[in-house]
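A.B. asks: The listed protein sequences correspond, in order, to chains A and B. Under my numbering, the first residue of the first sequence carries the number 1, and numbering increases by one thereafter. Under my numbering, the first residue of the second sequence carries the number 1, and numbering increases by one thereafter.
No lab work stands behind these hints: they were computed from the structure. Just so it is clear, the structure is predicted and the values come from calculations on it, not from any experiment. Cβ coordinates follow ideal geometry from the N, Cα and C atoms, glycine included.
Restraint ranges, calculated between C-beta atoms of paired labels, are given here:
# : chain 1 : residue 1 : chain 2 : residue 2 : range
1 : B       : Glu8      : A       : Leu114    : 27 to 35 Å
2 : A       : Asp16     : B       : Gly24     : 24 to 32 Å
3 : A       : Pro55     : B       : Lys5      : 46 to 54 Å
4 : A       : Ala66     : B       : Ser26     : 34 to 42 Å
Residues of chain B placed beyond 10 Å of chain A at every Cβ, according to the derived structure:
#  : residue
5  : Pro3
6  : Tyr13
7  : Asn14
8  : Gly24
9  : Pro75
10 : Val83
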Amino acid sequence: MSSPTRTQRRAARLDDPRFESTRTPRVRRRLVVAMCGLLVVEAGLFLIAERAPVPFAVGMAVLLVAFTLCLGALKGSTRGVEELPAHALDERQWQLRGEAYARAYRIGFALLTLELAAVAVWLVADWPAPGTNILLGAILLPFHIGIVLPTLVTAWHRQV
Amino acid sequence: MPPRKRSEEPQLYNRLTLLRTERGMSRQELADAVGVHYQTIGYLERGEYSPSATLALRLAAVFGLPMEAVFSLTPFRTLSEQVYGTQESS
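This is chain A alone, in the form it adopts within the complex (with noise of 0.2 Å):
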């Protein structure tokens, strides 16, 4: 018997019973909003990095721990649906993916255009150029949003 591939390995992890508590929808939707929480709070430190270098590094740290956390229990509590490859999902799996991809992308699209329509306020009304914090936030959010938004979908839907 020829031993598993690495995507056998990952989708086996992710189906693991062990994270049978989290897939209840209420957990799920908990996570989504734990989630949320740390995004929000991501946003807070970087308002403050520059008058505060120490708790900002602080805080960043404390956040990455919990940010890797409550990722994995997502992941676990959506069995990976968002990220195994076709191969390793059966059709319904699929079809939930695929639906979650297309809701990710119209909320990935609304909030980059919120993004860009602030961005371009900044411009019209001449406002003194932010601060190297807050364009690192900029990128950095966005990109973080990227990563988990169709984890938070995929948990977020009722027939996960």
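Let chain A serve as the given structure and place chain B on it in line with the hints.
C.D. replies: Same frame as chain A, but now just chain B:
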């Protein structure tokens, strides 16, 4: 004819629960036999997911029955009605 929206799809009825329990199979065993996740069998049995033609044919083949004996666009008659000709009281 314009394509039909998913929300307008008619419900697909099935006898999966009856056939599976009749044969003493677990959801996991049936899922393994047709190559899907066991959770998908639950969604199929509750009518919350309509299978592709390929999956429907594979399920019917596991039970050794034609597809129309397992899936239907109209509700199946109950077992008591079929065997004894009695109507279910509402």
